[in-house]
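Engineer: All chains, please: the whole structure from these sequences, using the hints.
If you read the sequences in order, they're chains A and B.
In terms of my numbering, the first sequence opens at residue 1 and continues consecutively.
In terms of my numbering, the second sequence opens at residue 1 and continues consecutively.
By construction, these hints were calculated from the structure, which means they are not laboratory data.
Please note that a few of the clues may not be correct.
To be verified - Away from chain A, derived, C-beta distances all over 12 Å, residues of chain B:
{"no.": "1", "residue": "Glu10"}
{"no.": "2", "residue": "Ser14"}
{"no.": "3", "residue": "Glu100"}
{"no.": "4", "residue": "Asn118"}
As the list claims (entries may be wrong) - Short derived list, chain B residues pointing at chain A, Cβ under 8 Å:
{"no.": "5", "residue": "Asp59"}
{"no.": "6", "residue": "Met63"}
{"no.": "7", "residue": "His83"}
{"no.": "8", "residue": "Trp114"}
{"no.": "9", "residue": "Gly116"}
{"no.": "10", "residue": "Gly149"}
{"no.": "11", "residue": "Phe152"}
{"no.": "12", "residue": "Ile189"}
Unchecked claim - What follows is a list of derived Cβ distance ranges for each label pair:
{"no.": "13", "chain 1": "B", "residue 1": "Glu181", "chain 2": "A", "residue 2": "Glu251", "range": "34 to 40 Å"}
{"no.": "14", "chain 1": "A", "residue 1": "Glu251", "chain 2": "B", "residue 2": "Glu184", "range": "46 to 52 Å"}
{"no.": "15", "chain 1": "B", "residue 1": "Glu181", "chain 2": "A", "residue 2": "Glu330", "range": "35 to 41 Å"}
{"no.": "16", "chain 1": "B", "residue 1": "Arg165", "chain 2": "A", "residue 2": "Asp269", "range": "51 to 57 Å"}
{"no.": "17", "chain 1": "A", "residue 1": "Glu209", "chain 2": "B", "residue 2": "Arg172", "range": "36 to 42 Å"}
{"no.": "18", "chain 1": "A", "residue 1": "Arg161", "chain 2": "B", "residue 2": "Glu184", "range": "27 to 33 Å"}
{"no.": "19", "chain 1": "A", "residue 1": "Thr212", "chain 2": "B", "residue 2": "Val23", "range": "54 to 60 Å"}
{"no.": "20", "chain 1": "A", "residue 1": "Leu92", "chain 2": "B", "residue 2": "Thr44", "range": "42 to 48 Å"}
{"no.": "21", "chain 1": "A", "residue 1": "Glu209", "chain 2": "B", "residue 2": "Val162", "range": "48 to 54 Å"}
{"no.": "22", "chain 1": "B", "residue 1": "Gly149", "chain 2": "A", "residue 2": "Glu251", "range": "43 to 49 Å"}
Only a predicted model underlies this, so the values are computations on that prediction, with no experimental measurement involved.
Heads up, the beta-carbon is just placed ideally off N, CA and C, and yes, glycines get one too.
Residue strings, one per chain:
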Amino acid sequence: MPEIKNYTMNFGPQHPSAHGVLRLVLELDGEVIVRADPHIGLLHRGTEKLAEHKTFLQAVPYMDRLDYVSMLCNEHAYVQAIEKLTGIEVPLRAQYIRVMFDEITRILNHLMWLGAHGLDIGAMTVFLYCFREREDLLDAYEAVSGARMHAAYYRPGGVYRDLPDSMPQYEASKIHNAAAVKKLNENRQGSLLDFLEDFTRRFPTYVDEYETLLTDNRIWKQRTVGIGVLTPERALALGITGPMLRGSGVEWDLRKKQPYAAYDKLDFDIPVGVNGDSYDRYLVRVEEMRQSNRIIKQCISWLRQNPGPVITTNHKFAPPGRESMKQNMEELIHHFKLFTEGMHVPEGEAYSVVEHPKGEFGIYLVSDGANKPYRLKIRAPGFANLSSLDEMVRGHMIADVVTIIGTQDIVFGEIDR
Amino acid sequence: MTTEKKSLLEDLSSLLGEQLVSVQERLGELTVVVRAADMLSALTLMRDAEELRFAQMVDLCGMDYSEYGDGAWEGKRFAVVYHLLSVVHNRRLRVRIFAEEDDFPVLASVADIWPGANWFEREAFDLFGLIFTGHPDLRRILTDYGFVGNPFRKDFPLSGHVEMRYDPEQQRVVYQPVTVEPREVTPRILREQTYGCN
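Structural biologist: The structure is reproduced here in structure tokens:
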């Protein structure tokens with residue numbers, strides 16, 4: 001018998017199922033993984049260091065670029081940290097708008113995850129379906145902020161502006177004639193809220209479609225059931241949060257347990273898995289999309305009935321209105337100081353968390369009273385999730401590595417920061 | 001909420017006693033400072049004691065206080081800040097531990113207490129040059145292979161020391177000293193707390 005040694009294989013960083021720039025050094029015994037060593041940092045941009053050299057307001061757009069598939073949730077944690085330190089009151093309407101967009105973001109993230117995860121392990125069709133729905137939600141992003149992805153919509157003290165009364169329309173082109181454009185514009189006749197309400201009516205049937213394709217699919221189950229099992233104790237010790245932790249049966253959701261913004265006024269359920277394998281995590285995320293849809297519906301009806309301000313009137317932190325700025329010396333000074341020097345955040349430290357689609361996203365903000373953060377630490381959920389990869393893949397076949405990378409829902413913008 | 005936090009403080013002081021150097025409660029967050037010599041026993045107790053049960057270490061973050069308040073800082077330069085979470089009691093706790101020496105900051109690794117700390121400690125090692133004794137595999141994690149320096153220290157310039165370009169003569173990528181001029185668009189200004197209030 002010849003002696004067979006383990007061999008080492010390089011995976012990524014330019015591999016489609018590496019979800020960006022993950023490089024894995026795998027030690028294999030035949031087809032079985034003995035050890036996996038993820039090399040990360042290929043997308044490291046030093047966001048935390050950059051933020052130390054920017055004013056508090058200038059760092060908001062950097063947050064979009066962390067986890068670039070759940071942009072507004074990142075911003076939420078950041079502005080919440082500033083609000084905590086300064087003690088600014090956020091108008092209730094702004095809080096509802098934030099919750100609504102956080103949940104839109106959650107659906108966006110989970111759709112992206114479902115599509116990419118399906119594609120990774122052989123379910124081509126889901127990807128196309130998921131991207132069809134993402135388009136509507138990205139249009140909502142665009143209508144409210146002008147950008148499809150990197151919105152920079154949340155501000156310390158509220159949101160940049162109120163929801164628009166009209167939606168942008170498609171125009172006739174070489175590809176679409178007038179009749180086709182009319183059909184495309186059918187659900188865009190009213191305000192953004194009308195558009196979103198139409199979406200929330202349609203969305204549950206779309207989720208049913210994904211479930212028809214996957215939930216009882218034999219191949220899907222063979223690829224995910226029993227793969228990457230995490231016990232609840234181990235998941236907690238490894239620092240895992242979010243759907244990964246709930247997939248292991250720990251009922252822990254910051255929206256319920258440590259409510260922020262308007263979550264304590266809304267009605268929704270927290271799905272929890274039983275076995276802690278990839279299939280349970282899939283079920284948890286699919287159910288989360290349905291629950292997010294429920295939250296969006298409640299936000300829409302509240303926002304319809306309660307007009308009001310969407311940003312604080314404390315002009316030390318939020319700019320005054322354009323009109324009053326032109327007429328009033330005081331406001332002009334506020335505007336000038338806010339955009340040249342920036343706001344001063346009182347000395348202290350705060351840790352603000354949100355239930356990000358991937359887990360607990362935290363911002364640890366230390367200020368020494370200057371117009372720039374002294375230190376900004378981003379607690380990225382993906383970083384802790386990915387650090388458990390070695391443990392999760394050991395003893396699995398090489399094809400299961402792809403499943404486990406997929407089930408962790410990793411995005412390199414936030415892991416490498 | 002306040003009563004709950006008070007009892008956390010009481011639990012901590014009864015269990016740890018002398019080991020707590022200082023305790024601060026602000027903005028509904030409790031921060032305790034522990035000496036580096038006591039850190040392993042104190043943190044293990046925080047994880048295991050029935051009243052505390054901080055089963056999860058959510059975040060570990062390096063700190064460089066050298067320029068805090070534009071030179072007003074008098075304590076030790078480097079610290080590690082741990083954010084702990086107890087799922088059972090629904091509580092959070094921040095623990096700050098200062099490294100004894102400024103020139104060669106060393107702390108004990110908590111990777112045996114919370115295995116999730118492994119990568120967080122590698123990150124603090126990489127970015128701040130903090131050494132964690134007893135860490136299973138203390139390598140750089142975020143910076144480039146062969147990177148020199150600790151980029152998140154306050155004395156490391158934002159533009160770095162070297163830049164990378166393709167050299168057509170040597171037909172490979174080379175490193176060279178940075179050519180970008182350091183610039184500051186908005187200067188950092190520290191004002192007294194009452195500035196602008198009248």
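Engineer: It remains to establish, for every hint, whether it holds in the given structure.
Structural biologist: These are the hints, each one checked on the structure:
1. Consistency note on B/Glu10: stated as away from chain A, and its beta-carbon is indeed over 12 Å from all of that chain's, at 21 Å minimum.
2. No Cβ of chain A approaches the Cβ of B/Ser14 within 12 Å, the least distance being about 25 Å, so the stated non-interface status holds.
3. Even its closest Cβ contact with chain A, about 21 Å, leaves B/Glu100 beyond 12 Å, as expected for a residue assigned away from the interface.
4. Not every C-beta of chain A lies more than 12 Å from that of B/Asn118, the closest at about 6 Å, which undercuts listing it as non-interface.
5. Hint status for B/Asp59 relative to chain A: holds, with the closest Cβ pair at about 4 Å, below 8 Å.
6. With 8 Å as the threshold, the beta carbon of B/Met63 comes within range of chain A, its nearest partner Cβ sitting at about 6 Å, so the hint holds.
7. This hint holds: B/His83 has a C-beta 6 Å from the nearest C-beta of chain A, less than the 8 Å allowed.
8. Interface restraint check: B/Trp114 against chain A, minimum CB-CB distance 6 Å, threshold 8 Å, status holds.
9. Look at B/Gly116: its Cβ gets to within about 3 Å of chain A, closer than 8 Å, so that hint holds up.
10. Given the 8 Å rule on beta carbons, the hint for B/Gly149 is violated: about 12 Å separates it from the nearest Cβ of chain A.
11. Against a cut-off of 8 Å between C-beta atoms, the interface hint on B/Phe152 holds, since the closest Cβ of chain A lies about 6 Å away.
12. This hint holds: B/Ile189 has a C-beta 5 Å from the nearest C-beta of chain A, less than the 8 Å allowed.
13. About 54 Å separates the C-beta atoms of B/Glu181 and A/Glu251, a value inconsistent with the hinted range of 34 to 40 Å.
14. Between A/Glu251 and B/Glu184 the beta carbon distance is about 48 Å. The supplied range of 46 to 52 Å therefore holds.
15. At about 38 Å, the beta-carbon gap between B/Glu181 and A/Glu330 stays in the expected band of 35 to 41 Å.
16. Separated by about 54 Å at the C-beta atoms, B/Arg165 and A/Asp269 satisfy the suggested range of 51 to 57 Å.
17. With their beta carbons about 51 Å apart, A/Glu209 and B/Arg172 fall outside the hinted range of 36 to 42 Å.
18. Restraint check, A/Arg161 to B/Glu184: a C-beta distance of roughly 30 Å satisfies the suggested window 27 to 33 Å.
19. Judged by the Cβ atoms, the range 54 to 60 Å given for A/Thr212 and B/Val23 holds: they are separated by roughly 56 Å.
20. For A/Leu92 and B/Thr44, the hinted distance range of 42 to 48 Å is satisfied, since their beta carbons lie about 44 Å from each other.
21. For A/Glu209 and B/Val162, the Cβ-Cβ distance of about 52 Å falls inside the hinted range of 48 to 54 Å, so the restraint holds.
22. For the pair B/Gly149 and A/Glu251, the beta carbons lie near 44 Å from each other, so the given range of 43 to 49 Å is met.
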